[in-house]
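S.K.: Spelled out from the first residue to the last, the chains are:
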Amino acid sequence: MVGLSNLLSIGQAAFYGIGAYVTALALKTLGLSFFPSVILAIVITLLFAIIVGYISLKMEGDYFILATLGIQIIVFTILNNWIAVTMGPYGIPGIPSPKLFGYIEIKGIESFLMVSTAFSAITIFFFHRLIKSPFGRDLKGLRDDSISMIALGKNITKLKIQSFVISSSFAAISGFIYASYISYIDPTSYNLDESIFIISAVLIGGTGNIKGPIIGAIFVVALPELLRFVGLPDSIAANMRMIIYGLTLVIIMRYRSQGLAGVYKF
Amino acid sequence: MARNILEIKELYKSFSKGKYGKDDETYNLLSNLNISIPENTISALIGGNATGKTTLFNILSGFLKEDSGNIYFHNSKTTNLSEIPPYKREHLGIGRLFQDNHIFPTLTVLENLIIADKNVLKGNPFEAIFNVKRVKESEKVLTQKATETIAHLFGKSHELLSKLNDKASSLSFGQKRLIGLIRLFMSDYKLVLLDEPTAGINPALNDFISEIIKQMVLENGMTVFLIEHNMNFVRKTAHNCFFLDNGKINMQGTPSKVLGNEFVQKNYLGV
Chain A
1 MVGLSNLLSI
11 GQAAFYGIGA
21 YVTALALKTL
31 GLSFFPSVIL
41 AIVITLLFAI
51 IVGYISLKME
61 GDYFILATLG
71 IQIIVFTILN
81 NWIAVTMGPY
91 GIPGIPSPKL
101 FGYIEIKGIE
111 SFLMVSTAFS
121 AITIFFFHRL
131 IKSPFGRDLK
141 GLRDDSISMI
151 ALGKNITKLK
161 IQSFVISSSF
171 AAISGFIYAS
181 YISYIDPTSY
191 NLDESIFIIS
201 AVLIGGTGNI
211 KGPIIGAIFV
221 VALPELLRFV
231 GLPDSIAANM
241 RMIIYGLTLV
251 IIMRYRSQGL
261 AGVYKF
Chain B
1 MARNILEIKE
11 LYKSFSKGKY
21 GKDDETYNLL
31 SNLNISIPEN
41 TISALIGGNA
51 TGKTTLFNIL
61 SGFLKEDSGN
71 IYFHNSKTTN
81 LSEIPPYKRE
91 HLGIGRLFQD
101 NHIFPTLTVL
111 ENLIIADKNV
121 LKGNPFEAIF
131 NVKRVKESEK
141 VLTQKATETI
151 AHLFGKSHEL
161 LSKLNDKASS
171 LSFGQKRLIG
181 LIRLFMSDYK
191 LVLLDEPTAG
201 INPALNDFIS
211 EIIKQMVLEN
221 GMTVFLIEHN
231 MNFVRKTAHN
241 CFFLDNGKIN
251 MQGTPSKVLG
261 NEFVQKNYLG
271 V
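Chains A and B, in that order, are what the protein sequence lines are. Sequential numbering from 1 applies to the first sequence in the working numbering. Sequential numbering from 1 applies to the second sequence in the working numbering.
Hints in this document: simulated from the structure, not taken from any laboratory. Do not take every clue at face value.
Stated by the list, open to error - Computed list of lysine-lysine pairs in BS3-like fashion (alpha-carbon distance at most 30 Å, straight line):
(1) K65/B x K211/A
(2) K158/A x K77/B
(3) K158/A x K266/B
(4) K65/B x K58/A
(5) K65/B x K17/B
(6) K158/A x K65/B
(7) K118/B x K58/A
(8) K17/B x K58/A
Could you put the whole structure together from the sequences, leaning on the hints where they help?
M.R.: And the structure:
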């Protein structure tokens with residue numbers, strides 16, 4: 001979304017959270033199996049993204065970023081206070097493992113590794129095709145020059161909403177994997193910190209292509225693991241991680257604004 | 001006598017005097033402006049700096065809203081442009097070349113041309129994923145159209161043909177200007193608004209651009225409405241000339257008549 005259509009959202013964790021909570025309710029309360037749960041998570045998140053996108057994408061630039069901050073805060077507040085459905089700050093424990101076709105239980109690290117790999121492959125395939133397509137070209141055009149796009153007869157509001165909805169729907173898949181793997185979710189996993197973590201991964205890795213965000217994700221996920229070898233006490237290591245994220249972002253924005261492997265320069 | 005493709009009637013546009021000015025502190029940039037553009041002709045709009053020429057084009061394109069007045073576009077049916085959103089004005093057949101090069105720097109030269117295509121299905125993200133064959137065929141047709149257009153306008157050995165896969169950001173200002181002009185041939189436009197087509201271009205190319213504009217009218221059936229400060233270019237290219245002064249059309253007629261007028265010479269040309 002940020003690399004192709006220049007829409008910087010700091011509310012991506014909200015959609016990730018909606019996907020996770022819908023998954024938890026689908027698996028635990030409705031007793032649905034694997035595919036119906038993931039489809040329901042995507043559809044509910046997609047519908048929410050359409051409504052939010054229609055309202056917020058009438059704004060541009062900084063105003064849009066602030067609107068996504070507002071969405072993030074609203075969703076977190078709802079997850080934290082709608083006790084009857086989300087169990088508020090207590091979270092939803094005991095989320096059952098999803099069953100493939102109702103029989104094959106997805107449980108354990110190996111099974112989730114396969115599921116995550118499969119979803120990652122589908123996501124990469126989808127976005128590879130999308131970037132190379134005329135639709136991807138229109139998004140790049142929107143990123144480069146929205147005035148020219150209007151002059152060429154393109155409905156840029158529709159393009160922005162499509163980009164926002166696609167991006168949000170894929171966040172729901174992450175929520176599905178997380179909720180079904182961890183088996184316990186609470187609102188703190190979907191707060192502003194998480195959104196900033198996601199956008200940090202994207203900006204550090206780079207935008208405008210597939211490999212940039214992948215490299216960024218590897219970097220931000222691998223960093224705490226590497227810090228373990230340094231032998232820092234836990235309390236210092238957590239703070240050190242945030243300092244390194246922040247420092248990396250500053251250095252990247254100053255000297256390599258396209259990120260480690262991206263193509264789009266901010 | 002040719003029918004009018006565009007009729008601007010009693011158009012008013014005012015702006016606030018300052019960013020923090022009061023609402024009533026405005027000045028009228030366009031005031032009771034009336035213009036009729038005959039179909040299949042080249043009409044030039046001339047006038048001093050800050051007289052509202054580009055503002056008028058921005059109103060016609062929908063990027064600015066007029067205070068009052070009507071703009072009628074006569075194609076297969078008559079449309080009041082005031083009621084049409086900006087992007088849909090292009091669908092009616094109105095194209096635009098901007099004063100500063102509005103090209104897409106991260107796209108290739110070819111992509112800058114074929115992006116003008118507005119096939120609705122190709123803009124559908126799911127079409128891109130699930131109907132690759134159809135998209136590829138469509139892209140092939142568009143690529144052929146782009147290369148044929150360049151070859152037709154500039155000749156088969158023109159340097160742009162060897163730069164189709166280069167990023168547009170690598171082109172010179174003049175080459176970017178040409179891309180903007182070529183793009184107007186990629187759609188089926190009825191009226192094109194050219195804001196200073198020769199601005200920033202090597203003077204040696206002026207005659208060349210003049211020929212391209214004439215070609216738009218003679219071969220492609222377009223109507224051209226252009227803003228220009230190069231009076232030799234206006235004399236060579238345009239059929240009609242409008243002199244904008246004090247928010248309204250002060251003089252109109254053939255270029256030789258308008259540019260030969262004493263008032264225009266004294267107040268605009270400085271003769």
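S.K.: Report the numbers of all earlier hints that the structure fails to satisfy, in ascending order.
M.R.: 1, 3
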